[in-house]
Each structure stands twice: as C-alpha cells, then as structure tokens.
Amino acid sequence: MLEIKDLHASVEDKKILKGINLQVNAGEVHAIMGPNGSGKSTLASVIAGKEEFEIKKGTISLEGEDLEELAPEERAHKGIFMSFQYPVEIPGVSVTNFMKTAINESRKARGLEDMPANQMLKLIREKSELLEIDRKFLSRSLNEGFSGGEKKRNEIFQMAMMEPKLAILDETDSGLDIDALRIVANGVNKLRGKDNAIIVITHYQRLLEYIVPDYVHVLHDGKIVKSGTKELALELEEKGYDWIKQEAVL
Amino acid sequence: MDLKDKLLSSFLAFENNIDLDNPVHEVRSEAIKNFETKGFPSKREEAWKYTSLNSLQKVDFSIFPKTESTLEYKDIKKYFIHEIDTYKIVFIDGVYSSYLSETTHDGVDVCLMSSALTKPQYRQVIDVYFNKAASKDESLTTLNTAFSKEGAYIYIPKNKMPKKPIQILHLATGNESALLLQPRNLVIAEENAELQVIERHQSLTGNEVLTNSVTEIFAAKDAIVDYYKVQNDANTASLIDNTYISQKDNSVVRVHTFSFGGKLTRNNLNFYQNGERIDSTLKGVTILGEKQHVDHHTLVHHAQPNCESHQDYKGIFGEQSTGVFNGKIIVDKIAQKTNAFQQNNNVLISDRATVNTKPQLEIFADDVKCSHGCTVGQLDEEAMFYLQSRGIPKKEASALLMYAFANNVLESVRIPELKSRINKLIANKLGVRLGFDL
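For the record, the sequence lines run as chains A and B. Heads up: the first sequence at position 206 corresponds to 206 in the UniProt record's numbering, and the numbers run straight through without jumps. Heads up: the second sequence at position 375 corresponds to 375 in the UniProt record's numbering, and the numbers run straight through without jumps.
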C-alpha cells in the first residue's frame, strides 16, 4: 500500500531523513520507534505532505501513485490520515462543523454529493460512542481548552470518521493516562482491517501493548537501523536506545 | 466652491426653513460657528493621520435632495433583518418614509427626531439630552449638529422595554448624482429600561453618497442597550459614524460594528462612564477587499470606580484595502478598580493590504486592570496544514480559519437572526462555502 524508497528530506537545508526504506501492506500495523530527534515526526509529516519539508531524493507512493506532487488535502482524499502529536486549537469552529466540512470536502473531491445531514449525524454519533466522547464535547470549539487526552481522543474520532486507508499515529500515546490510552487503543483496534494499514509512531513500548504491531522499526539519525517483530519493542523497552545507537555506529 | 463653503452658505438656507425660536436653534448656531472655525479634519491631525477626507471634499454633494422617491418594501426588504418582527424607522435620501416605517408610541417612543425637536411634548427630554453627550468641538460632529433635523428618536421610559427590536435604515436612492446625508439619532433608555437597535446605511445605486451621522445614546441606571451597526454599503458610499454613549450606574451598553463594505468608513465610537459598576462592550468585525477603507476610533472614558470595558475588534484585509484601529482608554484618578480590556487582531490576506493599529492608554488611577493587545499577521501555517490534512482544500481551509477568527466576536450578539445573517455575510464576503449551515 505505502512504499517509501531511499527517502531523503530536509527542512531549511537541515537533513533530517537520510534514506528511509519502508513498505507497508494492507492489513498491517507497523510501529516506528526511536529516540527523540531521530526523525519520526518528520517522517509522518512528509507522508502527510507538510510543505516545509523538502524531499531531496527518493519516492513515496500510495497504491503505486507517487505522492510527492500532491497537496496535503489531495493526500487526505487518497486515504492518508495523520493523527497529530500536537493538534491545533481552532476557536470558533466546533468539532461537528469541522468534521462536516472535512467529510464533505473529501466527498466533493471524489465527485460525491454532500452527505445527507441525518446520515452525518448518525455517523458522528456512532463514532463518538466508539471513542466514548460526550455529545457536549462535539459542540465545543476544535481542540480549544481540550485536555491532552481529549485532544488525542478527538484525533482518533476524526480518524474513525474519515476511514483512511493509511493512518499514521504520531505519538498518540503522549500525554495520555492509562484509561485514555485504553480508549484510544480500543478505537484504533476497531478500525483495523484487511484493507487498511496503520503506522504507529511512538517513543515508548507502552502503546504497543494495546495496539499490537506486525512489524517494529527503529529509526535513528534519519534511517531505519533495525526492523523486527513486536519482540523488538520489548527489547528496546528493556535496554533503551543506546545499544541501537552503538550498533548503528558500528 | 469647496464643500465647506457650500455647507456654510447652505446653513443660511437651512435656517430659513426652521423655527428660530426653538432653543435647538442656538445649539445649531453654536455648532456651525465651530465648524466654520475648524473645517474638515486634515491628515495633519493625529486622529486623522490614516484617513483622508480630501477627495470627498472635492465632490459636489447635494445637501438638500430635491426629489422624493417611491420605493416599495420588496425593493428594500433584503436590507432588513426581515426574519423577525421589528419596529422600523426608514429614511429615503434623508427624508422619513412613513409607509416603509413602523413606529410606536405605545408606552415607549420609537419615532422621529423631526417630531421630537419641534413638538412641545418632547421639549423636556430634548432639553435634558439633546447634544449633551455629543462633542461640542469635534468638527464633523458639530457639522451634523448644525444641520440636525431628522433621524431616529427612541425614548424608553423607566422599567420599559419595547416589544421588539428597532431597525433604523437610511437609504440613498441615487436620484442625486452625489448626496450628503446627516442623520441625527437620539436613543434614551431610562432607569432599568432595555432595548435593541440595528442600524444600517444603504446606497441603492453607484452614485456617490457621504453620510455624516451622529448618534447619542443615554443609558440610565440599570439600563441595557444593544446597538448593532451593519456597514455593508456600496463601493461609492462613505460613512462617518459619530456615536456618543453616556452611561449611568450599573448600565450595560454593547455596540457591535460589522464593517464589510463601503468606500470609506470612519467610526468614532465614544463611551463615557458616568457612574459605578458600568459595563461597556465594543466589538467589531471588519472584512474588506478592493480599495475599501475602514477606520475605527474608539474611546472609553472611565470616570468612576468599579467599571468594566471590553473591546474586541477583528479585521481581515484583502486586496488593497486599508484598516485603522485606534483604541483610546482613559482611566481617571478617581476610577479605581477599573477593568479595561482591549484586543485588536488583524489578518492580512494580500501583500497590498495595510493595517495601522494603535492602543492609546491614559491611566491616572493606580488600582486598575488594563490589558491590551494588537496583532497583525497571516493565517497560521500549522492550522492550515491541520485542516488540509483532513481533506479541506487550501482555499476552503483559509476561509474556515478566517471565519473562525471573526466568529468569536459574534458570541455576544443577542438577536439570533441577526447573528445568523452576519455569519452569512461573513461567509459570502470570504467567498466560499463552509460545508455546514450557519
């Protein structure tokens, strides 16, 4: 589904990604782990199409289609979703109105009519129950004054609404207490299917106890230095990242 | 002949048609003398640094329109908030239109300035209030005072509230190639009275119009006044809106100014707090394009202790439009425990748009809370990326952000139908659909 080949990316001439190779197939969950500053969030943003990052070399493709020239919204229309590490606060736009706009703009891009209002409400109700989100919460301004946990739950709610082919969860576990983590993980697991794929970016192994990955990759200094199965995450938890760094030097 | 000379000579003609024994005559005579001395403000004055009236003074304005027009309600319906029942005071080229208006004397007076200034039953109120809040030396205000004759007169006695909101509509038909209008409004809410007013100026053609309006608002003890100014006029219409508000103990006055159109608009909004525990709110949304110009000059004079003022002005400027915000707050030495807040945020969506913003705080008391902030910027890139990553295209995403930016000023609008109309105007002005009902 997603194929990344020899990806080099920079921001303001600072090289951050230095040759990433990654293949994610439908039905798979990949975890990308690594120390701070290794390029994890950059990788997520580059896949989602953030303009401040410049692709210097290499390719990213989704279902065989090259993404490089596509704007973030076009990537979203193709089925890419990124859950933000720091969701942006937008006072004056309610969660519901934001989702209506997002869903209908995506439908428009696919040549579909607006979703009928009753269908939209039903969908919102269904997905908000999945994430145990209170009705009142939906009429609040997007992310404004939300707690860390509420923001993350809201991100996964959006993911549930958008039903992406490829979801990238950027540090979704940061700032979550154990109950919120369980709710978020439960929401993500319900969205797992044979036709979609998930990339979980995390510093800690904790989230991976709940969202169990098929593959684990370790990112260090802009490169994937080790790949393995879920056992690799446990090993990292035990030993920390230092041995990876040393191995990378050798 | 320049406009000033034309106005001075017109004053003589104007006086020939009015009752010189009326005490208002003296007020007018004093006022014209002041205008004669001062003339139109020039850019050399600090308060007019960014707004030039030079080109307007070269226009040959008609001061007394000759023709009367026959407009029908259906022609002008869209300029009203017609979804709700309201009292209406309608002027066509400065002349009261009885068939388009709906006035009342049922416990409250919602009627005409021309009646109030001439009929004996209003004499006492006029003596107490007329020209008591308006400036005696600001030249454009005195120009209006000199020619004051017609406008809205609203008097709400103690403990009363009109059955419905009041709409004041000033229409210019374009029968004259260039028209000068000088409406004069007087709004009085006596003790514990409450009212809501929506005022709009609308030119119906592309002919030039200049309106120099003065509104005096008096809020007695415990009174609540909501005044909404809808400024969405044609590109050939200019407005100088001078509003003077005098508040007594515990009164609440909120003025919302929605500036979406017109060629040149100058709002001089002045609040005088003459009592304790007063609440004054000044809010504005300005969305401009083309070469439109809007200048908000606000003044809040805290003259007594324990009062509050809240100012929040948002502006979005496209193309070659220009905006000015000058917010002056005076806190007298005696006005301890004052809370004064002022916020002015602007977004420039074109490289050629300009904003000048200036807070001006003169604080003589030592136990006060005053905060002010002004920003001029572009849309937040991180927010744009967030919206785009959810499938919202760039143009719609920026419209949604601008909508959100302007929208929180509307929270304090207390007439839902007006709020929804303003929401729609904002959406239209931003030129895109928002994907949800407003």
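Where hints are given, some of them may not hold.
Which chain B residues face chain A? A few, computed with CB under 7 Å, are given here [claimed, not checked]:
| hint | residue |
| --- | --- |
| 1 | Ser-114 |
| 2 | Thr-118 |
| 3 | Lys-119 |
| 4 | Gly-174 |
| 5 | Gly-373 |
| 6 | Cys-374 |
| 7 | Gly-377 |
| 8 | Leu-379 |
| 9 | Tyr-386 |
| 10 | Ala-404 |
| 11 | Asn-408 |
| 12 | Glu-411 |
| 13 | Ser-412 |
Hints were generated in silico from the structure; no laboratory data involved. Ideal Cβ positions, reconstructed from N, Cα and C, are used throughout, including at glycine.
Handout entry: Unsatisfied constraints (hint numbers, rising)
Key = 1, 2, 3, 4, 5, 6, 7, 8, 12 and 13
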